[in-house]
Amino acid sequence: MWSANQRSHLVELEAESIHIMREVTAQFTKPVLLYSIGKDSSVLLHLAIKAFWPSKPPFPLLHVDTTWKFKEMIAFRDRRVAELGLDLIVHTNHDGLQSGINPFTHGSAVYTDVMKTEALKQALDKYEFDAAIGGARRDEEKSRAKERVFSFRSATHRWDPRNQRPELWKLYNGRVQNGESVRVFPLSNWTELDVWQYIMSENIPIVPLYFAKPRPVVERNGCLIMVDDERMRFHPGEKAETRWVRFRTLGCYPLTGGIESRAQTLSEILRETMTASTSERRSRVIDHDQDASMERKKQAGYF
Amino acid sequence: MHAAGSTGAVMERAFGSATGGGLLRLLTCGSVDDGKSTLLGRLLFDCRLLYEDQLAALTSDTSRYGTTAAGELDLALLFDGLEAEREQGITIDIAYRYFSTARRSFIVADAPGHEQYTRNMATAASTAELAVLLVDARKGLLTQTLRHSYIATLMGIRHVVLAVNKMDLVDWDRAAFDAIAAGYRKFAADIGLVDVTCVPISALRGDNVAAAGASMPWYTGPTLLSHLESVEIAREREAKPFRLPVQWVNRPDQHFRGYSGTVASGTVKPGDRVVVLPSGQITQIARVVTMGKDLECAGAGDAVTLTVRSDLDIARGDVIAAENSRPVVAEQFAAHVIWMGDEPMLPGRSYLIACGTALVRGQVTELKYQINVNTLEHLAAKHLDLNEIGFCNIALDRPIPFDPYSENRDTGGFILIDRVSNATVACGMIAFPLRRATNIHWQALKIEKSARAALKQQKPCVLWFTGLSGAGKSTVADLLEQMLHRLGRHTVLLDGDNVRHGLNRDLGFTDEDRVENIRRVAEVAKLMVEAGLIVLVSFISPFRSERRVARDLVGPDEFVEIYVDTPLDICEARDPKGLYKLARSGKLPNLTGIGSPYEPPERADIVLAGASEPAAQLAEKILDVLKQKSII
Chain A
8 MWSANQRSHL
18 VELEAESIHI
28 MREVTAQFTK
38 PVLLYSIGKD
48 SSVLLHLAIK
58 AFWPSKPPFP
68 LLHVDTTWKF
78 KEMIAFRDRR
88 VAELGLDLIV
98 HTNHDGLQSG
108 INPFTHGSAV
118 YTDVMKTEAL
128 KQALDKYEFD
138 AAIGGARRDE
148 EKSRAKERVF
158 SFRSATHRWD
168 PRNQRPELWK
178 LYNGRVQNGE
188 SVRVFPLSNW
198 TELDVWQYIM
208 SENIPIVPLY
218 FAKPRPVVER
228 NGCLIMVDDE
238 RMRFHPGEKA
248 ETRWVRFRTL
258 GCYPLTGGIE
268 SRAQTLSEIL
278 RETMTASTSE
288 RRSRVIDHDQ
298 DASMERKKQA
308 GYF
Chain B
1157 MHAAGSTGAV
1167 MERAFGSATG
1177 GGLLRLLTCG
1187 SVDDGKSTLL
1197 GRLLFDCRLL
1207 YEDQLAALTS
1217 DTSRYGTTAA
1227 GELDLALLFD
1237 GLEAEREQGI
1247 TIDIAYRYFS
1257 TARRSFIVAD
1267 APGHEQYTRN
1277 MATAASTAEL
1287 AVLLVDARKG
1297 LLTQTLRHSY
1307 IATLMGIRHV
1317 VLAVNKMDLV
1327 DWDRAAFDAI
1337 AAGYRKFAAD
1347 IGLVDVTCVP
1357 ISALRGDNVA
1367 AAGASMPWYT
1377 GPTLLSHLES
1387 VEIAREREAK
1397 PFRLPVQWVN
1407 RPDQHFRGYS
1417 GTVASGTVKP
1427 GDRVVVLPSG
1437 QITQIARVVT
1447 MGKDLECAGA
1457 GDAVTLTVRS
1467 DLDIARGDVI
1477 AAENSRPVVA
1487 EQFAAHVIWM
1497 GDEPMLPGRS
1507 YLIACGTALV
1517 RGQVTELKYQ
1527 INVNTLEHLA
1537 AKHLDLNEIG
1547 FCNIALDRPI
1557 PFDPYSENRD
1567 TGGFILIDRV
1577 SNATVACGMI
1587 AFPLRRATNI
1597 HWQALKIEKS
1607 ARAALKQQKP
1617 CVLWFTGLSG
1627 AGKSTVADLL
1637 EQMLHRLGRH
1647 TVLLDGDNVR
1657 HGLNRDLGFT
1667 DEDRVENIRR
1677 VAEVAKLMVE
1687 AGLIVLVSFI
1697 SPFRSERRVA
1707 RDLVGPDEFV
1717 EIYVDTPLDI
1727 CEARDPKGLY
1737 KLARSGKLPN
1747 LTGIGSPYEP
1757 PERADIVLAG
1767 ASEPAAQLAE
1777 KILDVLKQKS
1787 II
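If you're matching them up, the sequences are chains A and B in order. What the first sequence shows, in my numbering, is residues 8 to 310, in sequence order. What the second sequence shows, in my numbering, is residues 1157 to 1788, in sequence order.
Among the hints, a few may not be true.
Said to hold, decoys possible - Computed footprint of chain B on chain A; a stretch qualifies when at least three of its residues, placed anywhere within it, have a C-beta under 8 Å from a C-beta of chain B:
#1 29-42
#2 166-178
As the list claims (entries may be wrong) - Straight-line C-alpha distance at most 30 Å; calculated BS3-like pairs for lysine-lysine:
#3 Lys57(A) <-> Lys1449(B)
#4 Lys1342(B) <-> Lys1524(B)
#5 Lys1425(B) <-> Lys63(A)
#6 Lys1682(B) <-> Lys1612(B)
#7 Lys57(A) <-> Lys1425(B)
What the hints assert, rightly or not - Here are the in silico distance ranges between beta carbons for each label pair:
#8 Thr272(A) <-> Trp1374(B): 45 to 55 Å
#9 Glu1479(B) <-> Asp167(A): 42 to 52 Å
#10 Glu79(A) <-> Asp1708(B): 50 to 60 Å
Everything labelled a hint here was simulated from the structure, so no lab data went into it. We treat Cβ as the ideally placed atom computed from N, Cα and C, and that holds for glycine.
Go ahead and model the full structure; you've got the sequences and the hints to work with.
Printed below as a string of structure tokens:
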């Protein structure tokens, strides 16, 4: 029941995101939702289902699989897609795979470029998607703060931060020519805390890795890397030890640091999030490779 | 440094904001040196919303790019997100920031202050409910303070906080603050700003930002933060008549047909009588659908799906509105326009106009005046350049429903989109509908184009020749017309120079006049196609945009664009009218190709290499294509 005084900020954020999703469907011929399985993707998917209900979301999901995701993520992905009856496209950069690109020997910069950025571009080209919906938020990183909700990309997928379309009111200009596309970010105005609060209030399923439990990890450069399978390469003297950890963000297991925690419920996670002393991207190895690395990756076509 | 407060306080903050004062969208503006970024950094810092790794990054950035005294963090660097910005020490683009307190969540749009960024400020202001204007206590009110206030008001912001910053540099002097505040209140009243709050602060030291501090005991008003937390934002849009622009028709199967959209104003509940515009059909709301449960009532800002009781044809772009309090439906209106494109706005040029969820073609028919944002004077103008503001008449190719912007931002604001580049080139705020057109109705005629063409036993069409002066357009067109004439076709040739002797003799060679020149010729060509003729048009027609308008005026199979592609040096060597010689000597400033641009067609129907074959052969080529297209 609507009431002027009790309208919470989550209700406003939800309405804005739904409006954006509907604009995508109305304006583009072939949209896709980038589903990366993490908590933001879970929220994104939930919003897509709400936006078009009782219809199903009128676009497929795309997962760019580097083959290095946590096993639990893949299991969760397949279960959710089956439960919801949605179309899922999984794309892997097989060229990269065949040339043996992996997160251990090639460093996160090369690895990310080939297995994530290149792979994404391959998939967008192959299926000729003209809009790709992603779960990025402006509060994640400085250069993201200047990104549009409808972020225009050239035919070569490049982002030009100095030449973005002004975005006013609720009017999103999604007009593109052949080959050009738009990345759409319905969660632009959400914070990490909003995401957790929303997951809690809407009871949205998330990958169990977000909850703390004893897991085999090695400590490396201050990050706790989980030993998720036999491909893990140990440095001399390293040995897996069992610690209580959970993850604030999810990605490829060799590049994702866990945090020590005993938070086993959403309200405990929320409590930790609000008293956290570091931002969530701290646990991603790839962002620290070089100064302004996100800005450069984004210009080259990364999400 | 520990970045977050005690658990209890923080929990209270998060859950407080989730249930309490909702979301406040605000805009901060000020000039380069007023300390805007420092203020935002201070707010986050004092609210303990900075993380340790962000502080560490800031410390390292301060030593690299910082401008503060040794040992002090340069909080401004938190916000200059792009590398280029940090290197140049300026903010290029709007940045959005987020913070929350126990009482409210805030979205802050931080707009750069330079004059050339009027478009950024307007963009940031379009979704904001409140503006924080920064002034430097040492400098007082500057021209740009007034400019920012005017733009904020123009964009519909009704609440302004004047933060008088750097009070530490004027020895916390009350008289300095009072003088600035009094001056501002007078100006604000002049431009119709009612809710103004003035706060003396030091963003660098923190006084009166989140906490009062001890330096200004004479100030008894609220701190900036406590004002932002408690200011009553008039949520007038909920009290206004119901409007829902239809975004998407929701049709999972034949049993359900819903209309999805966001309520722009008012409330809606089952049983309400509504009108669907522009068609004017009346119906009643059956259900207000959201996932999981139907709503008893939805209000402004809610994203819902409506079903109605009758079987109607409703599409994206329509507005569902309260039956007894309707928006205007018109195809002309007057509006303020802020130009955001690199190329100037030219009256007569055709743009796409997005308003609500409607997308229509339209043009600026008249630029009434330009507004000097520094003095608010009205100036006569022929065109608008980037960051200029004008008051214009706009005509659409079909009527759409809208409200005045002052009544409703979502149904009264629009953007203009360039039809070639697809760039968003302007935003506009509708002032009032123009009713001039309402007394002129389209007269339905019994004899149609097809009947007239049938009598002539031909397919009417426009053969549009474009190219540089001296390219050979008129020569080829003349030969082609002779060939068509011999074949028994009814033709007419509109030649650029000839038409400028009569119909267009009042037009010169500025960009504005060139646009109008082509608009008139395109309309004449259309009338002659209606008459059943094959119309040869031989005009330089330098702009893609106007050629596209000419194409759109007639049917898709009735327009053949012929590009006579002759290199400039050859045209110049031919120089049949001596124009290039004049242009090179500076006596003819606007000759296409020399002093004025030519935009070659990207996909002409026929491209003729004007330098490589004799004109008669080129005309034969066109004839062949016309046969292939079964036009003749």
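So, going through the hints one by one against the coordinates:
1. 29-42: Result for this restraint: holds, n = 4.
2. 166-178: Since 10 is at least three, the answer is holds.
3. Lys57(A) <-> Lys1449(B): 11 Å, holds
4. Lys1342(B) <-> Lys1524(B): 28 Å, holds
5. Lys1425(B) <-> Lys63(A): 25 Å, holds
6. Lys1682(B) <-> Lys1612(B): At roughly 17 Å apart (the allowed maximum being 30 Å), Lys1612(B) and Lys1682(B) satisfy the hint.
7. Lys57(A) <-> Lys1425(B): Holds - the C-alpha atoms of Lys1425(B) and Lys57(A) are around 19 Å apart, at most 30 Å.
8. Thr272(A) <-> Trp1374(B): 45 to 55 Å: 51 Å, holds
9. Glu1479(B) <-> Asp167(A): 42 to 52 Å: With a Cβ separation near 47 Å, Glu1479(B) and Asp167(A) satisfy 42 to 52 Å, so the hint holds.
10. Glu79(A) <-> Asp1708(B): 50 to 60 Å: 55 Å, holds
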